[in-house]
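Kindly generate the complete structure, drawing on both the sequences and the hints.
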Amino acid sequence: MEEEPMVTFQQIQELVNFRSEDLPVVSAYLNTDLRRVNKDQIRITLKDMIKAREEELRAQDLTHQQQASLKEDFKKLENFVTTELFPEENRGYVIFSCSGKDFWQVYPLPQRVKNALIVDPDIYVRPLLAILNQFHRFAFVIVDQRRAQLFEMYMGKIEDYSHLISPDVPGKVRYAGWYGLEEKRVHRHIEQHVHEHYKRVSNFLFQLMNRHKWDYFILGGKFHELPRFEKHLHRYILDRIIERVDVEPFSWDINRVKASALEIETRFMRERLEKMIDLLITDAKKDHKAALGLESVLQAANMGNIRLLMIEEDRVLPGYECFGCGFLAIRNTICPICGETMQQMDDLFDEIIENTVNFNGDYYQVPRGTLLGEFGGIGAFLRFEVPEEA
Numbered sequence: 001m002e003e004e005p006m007v008t009f010q011q012i013q014e015l016v017n018f019r020s021e022d023l024p025v026v027s028a029y030l031n032t033d034l035r036r037v038n039k040d041q042i043r044i045t046l047k048d049m050i051k052a053r054e055e056e057l058r059a060q061d062l063t064h065q066q067q068a069s070l071k072e073d074f075k076k077l078e079n080f081v082t083t084e085l086f087p088e089e090n091r092g093y094v095i096f097s098c099s100g101k102d103f104w105q106v107y108p109l110p111q112r113v114k115n116a117l118i119v120d121p122d123i124y125v126r127p128l129l130a131i132l133n134q135f136h137r138f139a140f141v142i143v144d145q146r147r148a149q150l151f152e153m154y155m156g157k158i159e160d161y162s163h164l165i166s167p168d169v170p171g172k173v174r175y176a177g178w179y180g181l182e183e184k185r186v187h188r189h190i191e192q193h194v195h196e197h198y199k200r201v202s203n204f205l206f207q208l209m210n211r212h213k214w215d216y217f218i219l220g221g222k223f224h225e226l227p228r229f230e231k232h233l234h235r236y237i238l239d240r241i242i243e244r245v246d247v248e249p250f251s252w253d254i255n256r257v258k259a260s261a262l263e264i265e266t267r268f269m270r271e272r273l274e275k276m277i278d279l280l281i282t283d284a285k286k287d288h289k290a291a292l293g294l295e296s297v298l299q300a301a302n303m304g305n306i307r308l309l310m311i312e313e314d315r316v317l318p319g320y321e322c323f324g325c326g327f328l329a330i331r332n333t334i335c336p337i338c339g340e341t342m343q344q345m346d347d348l349f350d351e352i353i354e355n356t357v358n359f360n361g362d363y364y365q366v367p368r369g370t371l372l373g374e375f376g377g378i379g380a381f382l383r384f385e386v387p388e389e390a
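Quick note on the working numbering: the sequence shown kicks off at 1 and runs consecutively.
None of these hints come from the bench; they were simulated from the model. The beta-carbon is built from N, C-alpha and C at its ideal position, and this holds for glycine as well. Just to be clear, a hint being listed does not mean it is correct.
Claimed, not checked - Straight-line distance between alpha carbons at most 20 Å, and here's what the computed SDA-like set of lysine to any residue pairs gives:
1. K222 <-> D246
2. K289 <-> F384
3. K71 <-> F86
4. K47 <-> L85
5. K213 <-> F268
To be verified - Each pair of labels, with its calculated beta carbon distance range:
6. E248 <-> D22: 29 to 35 Å
7. E14 <-> L85: 23 to 29 Å
8. D102 <-> E274: 41 to 47 Å
9. K213 <-> G324: 37 to 43 Å
10. E295 <-> R228: 52 to 58 Å
11. M303 <-> E196: 57 to 63 Å
12. K76 <-> E340: 47 to 53 Å
And the structure:
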């Protein structure tokens, strides 16, 4: 099966800048985690959400053009979930559609999302951006004195840009001439070409970096040769090199390149997250704009006080939500804020994430096995300190 294309920075920019003007946009968030739901359930869930939206839209004074666009949007969504294979690594999908403007974007995600179908003049993009912000773009550059390869990695997908770099350095040369003079001349000629090759590749990297917005770099090459290449790199790139790999260009196929990059990325991100968790625990113990454990995080969520949520992946806990004011609780049946009957929810962690995103906070899903697990797998950096009487 052919791998899905990587989500590019340009695609995200197109999404953020899209304006439908007079036509509604459909934003669909689908939980496709096959460990919890099967394909039939995914299709039924979407069908039910579409039916609910259609009933709501009947009460609105929509133009014929708006109705036609929405009808086509819903048809395309249903066709998508009917034909999509839903590979196991894609635990969530976000889809945006405005058929009247010929706009359609699909985002397969390595995280599950809460099911939602929004029809609005504006794209419901914030939850997607909160997920995308958890991932970094990596450039993997492999060089030697004559050749270069370039790959981009993002959210587990890889793109090969090696065709954009062409070799322009003489290879092996037969020497002739008096007393080695010709050999020395050819050697100087080759050295100049090597210098120009490294310079061209480094300039190309810097130009592409500004367009692709790479966050970090992995360098591949023979260890004794890499320092010569690095002398040509821009300081911004040098400061963002996270690892060097002893490998020659075109000696690995793309699957091995991807496996190596994923291993490096996983190790790098885990170290970063562990440092963040250490800081979170330290700040929480000092009562310095941080909360640990479900009770403290719930209190912060209900105050709209979460700046950055950290939550262990695959945690599930039933809870309650008030549909009147959005109050979240572990066991309340009557909302203490507005007095309405609270509704039981399948996963309180999903509701905390949604609350965080709605208040323009961010979040990270943390792998199992960190110190966060000692505090129920949840913690948060806060916007402001909470008074003791709160």
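Taking the hints in turn, this is what the structure says about them:
no., hint, in the structure
1, K222 <-> D246, "holds (5 Å)"
2, K289 <-> F384, "holds (6 Å)"
3, K71 <-> F86, "violated (24 Å)"
4, K47 <-> L85, "holds (17 Å)"
5, K213 <-> F268, "holds (18 Å)"
6, E248 <-> D22: 29 to 35 Å, "violated (56 Å)"
7, E14 <-> L85: 23 to 29 Å, "holds (25 Å)"
8, D102 <-> E274: 41 to 47 Å, "holds (45 Å)"
9, K213 <-> G324: 37 to 43 Å, "holds (41 Å)"
10, E295 <-> R228: 52 to 58 Å, "holds (57 Å)"
11, M303 <-> E196: 57 to 63 Å, "holds (60 Å)"
12, K76 <-> E340: 47 to 53 Å, "violated (37 Å)"
Checked against the numbered hints given earlier, the structure breaks hints 3, 6, 12 and satisfies all the rest.
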